[in-house]
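Protein chains in written order, with our numbering: chain H, 1 to 508; chain C, 1 to 167.
By construction, these hints were calculated from the structure, which means they are not laboratory data.
Fair warning: there could be bad hints in the mix.
Label pairs and their in silico Cβ distance ranges [what the hints assert, rightly or not]:
#1 C:Lys141 <-> H:Ala486: 24 to 34 Å
#2 H:Ala404 <-> C:Arg106: 27 to 37 Å
#3 H:Gln494 <-> C:Pro109: 39 to 49 Å
#4 C:Arg47 <-> H:Ala24: 12 to 22 Å
#5 H:Pro411 <-> C:Glu5: 46 to 56 Å
#6 H:Lys422 <-> C:Arg47: 48 to 58 Å
Reference excerpt, derived from the structure (chain H facing chain C, CB under 10 Å, subset only) [to be verified]:
#7 Asp9
#8 Asn14
#9 Pro19
#10 Lys21
#11 Glu25
#12 Arg27
#13 Asp31
#14 Val203
#15 Gly469
#16 Pro478
#17 Glu480
Heads up, simulated DSBU-like pairs for lysine-lysine below, C-alpha to C-alpha not over 35 Å straight-line [what the hints assert, rightly or not]:
#18 C:Lys48 <-> H:Lys21
#19 H:Lys405 <-> C:Lys48
#20 H:Lys117 <-> H:Lys21
#21 C:Lys48 <-> H:Lys350
Beta carbons: idealized from backbone N, C-alpha and C, even for Gly.
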Amino acid sequence: MNDPISRLDQFRANTPGAPMKSAAEVRRRGDQIRRRQRTIVTAGAVALAAVVAGPIIFLSAGFGERATEPEPAPAPTPSQTPSTVAPSPSASTPVSDLTRANLPVEGDLVAEEPYPKWVQDQTYDGEGRSDYNECLATSLADAGALATFRRDFVPEAGKEYADSAGTLTAVAAEFASADEAEKVRAKLSEAASSCTPVDGSDVAGSLPVEGGVISHGDVNVVTYVPEDPSLNARREVATAVVTVEDRLLVITRRRGVQDYVSPTSVRDSALAAAYRLAGSTPPPTTASTSPPSSPPSSAPAPILSDADLVLAGSLPGLPLPGESSATWQQVATQPTPTLYCQGAWLSSLKAAESVSREFRLENPEEIGKVNVAVLEFATKAAADAAYEKVHGWLDTCPATMADAKLYTAGPIESVEIDSDPKVDRAAQTLAEYAADCGGEGCDSTWYDHQTVAQIGTRLVLVTHAEAGGPCPPTTACPPEQDADYAEWDKRVAQTVEATVDRAVRDLS
Amino acid sequence: MDEDEFDALYNASYRRLCAQLYAMIGDFDEASECVQEAFARAWAHRRKMSSVDYPEAWVRTTAYRLAVGRWRRKKYAGRAADRAVGARTEMPAIDESHVALVAALRQLPEAQRQAIVLHHIADLPVHQVAVEVGAPTGTVKARLARGRAALAELLAEDNPGAVWKEA
Chain H
1 MNDPISRLDQ FRANTPGAPM KSAAEVRRRG DQIRRRQRTI VTAGAVALAA VVAGPIIFLS
61 AGFGERATEP EPAPAPTPSQ TPSTVAPSPS ASTPVSDLTR ANLPVEGDLV AEEPYPKWVQ
121 DQTYDGEGRS DYNECLATSL ADAGALATFR RDFVPEAGKE YADSAGTLTA VAAEFASADE
181 AEKVRAKLSE AASSCTPVDG SDVAGSLPVE GGVISHGDVN VVTYVPEDPS LNARREVATA
241 VVTVEDRLLV ITRRRGVQDY VSPTSVRDSA LAAAYRLAGS TPPPTTASTS PPSSPPSSAP
301 APILSDADLV LAGSLPGLPL PGESSATWQQ VATQPTPTLY CQGAWLSSLK AAESVSREFR
361 LENPEEIGKV NVAVLEFATK AAADAAYEKV HGWLDTCPAT MADAKLYTAG PIESVEIDSD
421 PKVDRAAQTL AEYAADCGGE GCDSTWYDHQ TVAQIGTRLV LVTHAEAGGP CPPTTACPPE
481 QDADYAEWDK RVAQTVEATV DRAVRDLS
Chain C
1 MDEDEFDALY NASYRRLCAQ LYAMIGDFDE ASECVQEAFA RAWAHRRKMS SVDYPEAWVR
61 TTAYRLAVGR WRRKKYAGRA ADRAVGARTE MPAIDESHVA LVAALRQLPE AQRQAIVLHH
121 IADLPVHQVA VEVGAPTGTV KARLARGRAA LAELLAEDNP GAVWKEA
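Excised from the complex, chain C in its bound form:
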């Protein structure tokens, strides 16, 4: 991967990867930092990246692992997350409906949340989601079905009265 290829990948996919990671972890500025760091690692491994079929998927997975690592450290060590790429930048205000959706997503089990985000937000076909999460296609389908059902309930709770429920 040369500079032009990297720059093209970065400019084309950075924002959507940030949104996807935000949907997965629920923290927008943490998501953007992890995505930037994942791109930096992609450049550091540019020779390896040339043989990767889906560089964007590689960056997404790396960013997600970075985010999980930061979560783990914050949970177990009680320290602030590393700011690997630089100083915190001012983040734009996020649409309220997005906040509610992300809040609902965070209440899903991790596997369901990951499947939902990859399929519905990253727009990956089911078989590609299966490859990315390392699970059989049938399992991914089941996670999607259960995740959507749970998400519908959670969104209804967020807006009571919007969905009629039997007594």
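In isolation and in its complexed conformation, chain H is listed as follows:
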């Protein structure tokens, strides 16, 4: 019998029996849901009431400080090394907290005259697939590193001498102890100097790397005649190996040369990069040709104010068919991270200035959240490092500041943002995580679009969050085609653009 109507009729008549809970049990479950909803609504009312008190809290916390964030750890005493900022792993359970943010960035590197500046090419978790130094036969992982990261740099394309400037690679590693790191450093320096894997290599020179946060370090340079007869220059390999407590950095510059030139640029690059390896930012004068002992200059930072923060009226409305319209309300700063994927409080980024603002959309339960923060850094290098740090958070979504369960974090992607002045770079990712259901299972889900944008020394962080469940806030449930996402994407883009537009007005 394949007549579908007969089969459907038979199905209806002979309905499969499903085990039932008693109606009383289901009602008890309903009562639990009801209690949970009341809790959420009450919390929302408290948040709205706090709008009035918000400015008082904001001012009492000081301009640009986030009132409800925990106090940062006490500043290290002069006798403490920078590794105090980034705690060393315990001896019993060695765990690395090294991240990509500990790799040098373009601003740390010194280009030798007349070569163009170094620009970032690729970054890897680990030491990468290709060899980066022909003199070093052992990988850092094989030498016992707990974690390694690598970043490749190339000369700025199109500039004069770009073709002959070579390449530069930085590899950062963390070991279980400072002693272990120092042992590995000594072996690497010896290997860089002797360069035994390359037949006919000659030692060209060496230079100590001292000062700043460096524990031990040097640069060794070897040259050799490449096997390829079409190359008429000698190959030069300059290897800087430095340690900062239990962390180690190898910077390798490879290029063709006619004559030996003292590798002061590699030394200065290593000196500046060591700060980032330690988890701090280099002083402004370090990444230059001036002596390492020069006192850091303090450039005056622009003062941020709440004029740099987006207003509720600029945020896009949320269509609510059949419901009264919900409007965005500014609320007092909440004890929650600006970005769900944050790995630490924003104060850890060590911005010179910061301001933040939060908004909620309630109907009557919380159905939308916008968190914004604008950070101003003393130097471009510091802003670069902070961007890398935030980018790393969005990439890996540690969400260590959040207490809601992460369902999925999408890939981080570059985004275009229209602004004047122009955004240097911006990236965005979507995280989906459990909404607060009072400890009970439910299908409510938050969909957070988290964006970081850099404009010179300024970073703008934005979260546009909408509640969903069972489906995301698309126009169809479940979404089946790209058009179903269009309105949601538009709202996110409007929030980001309005926030960035406001944050850069004083820069134009």
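Guided by the hints, dock chain C onto chain H, whose structure is given.
Just chain C now, with coordinates in the frame of chain H:
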């Protein structure tokens, strides 16, 4: 909606709603869990339910959305579905012909499947199906016609030789 009204609705419609949702999503125990959770939500919103014209339709729609949400999470997050109402209960064996029918239904586009289930299994008139799925009556009729034709072919494939086909 008071306790007596809720209990009456639950006892009268739970099993048929489970069957309808099973026909829509193809997973019997997932269907029964979603229906139970939807009833719990109905009780949580009992004041609102008093003004709802068709409480059973409200529960069905809520259960379907819950099921879709679980499907989405399982698809994108690769995690087990929430068990909101409690531990998994032992499910009865399902008639083989029902399994074949549900398997065929699952191969239909979602809109056609929904229309077929609501009209032929939930026994709703076309205009009510249109209201429930938010589509014009003509569209629902077209979905029903196309869905039935597709279902006939799928059921014939399931039982080759039962329907004669021209070469």
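Quiz prompt | Hint numbers contradicted by this structure | solution = 3, 14, 20, 21
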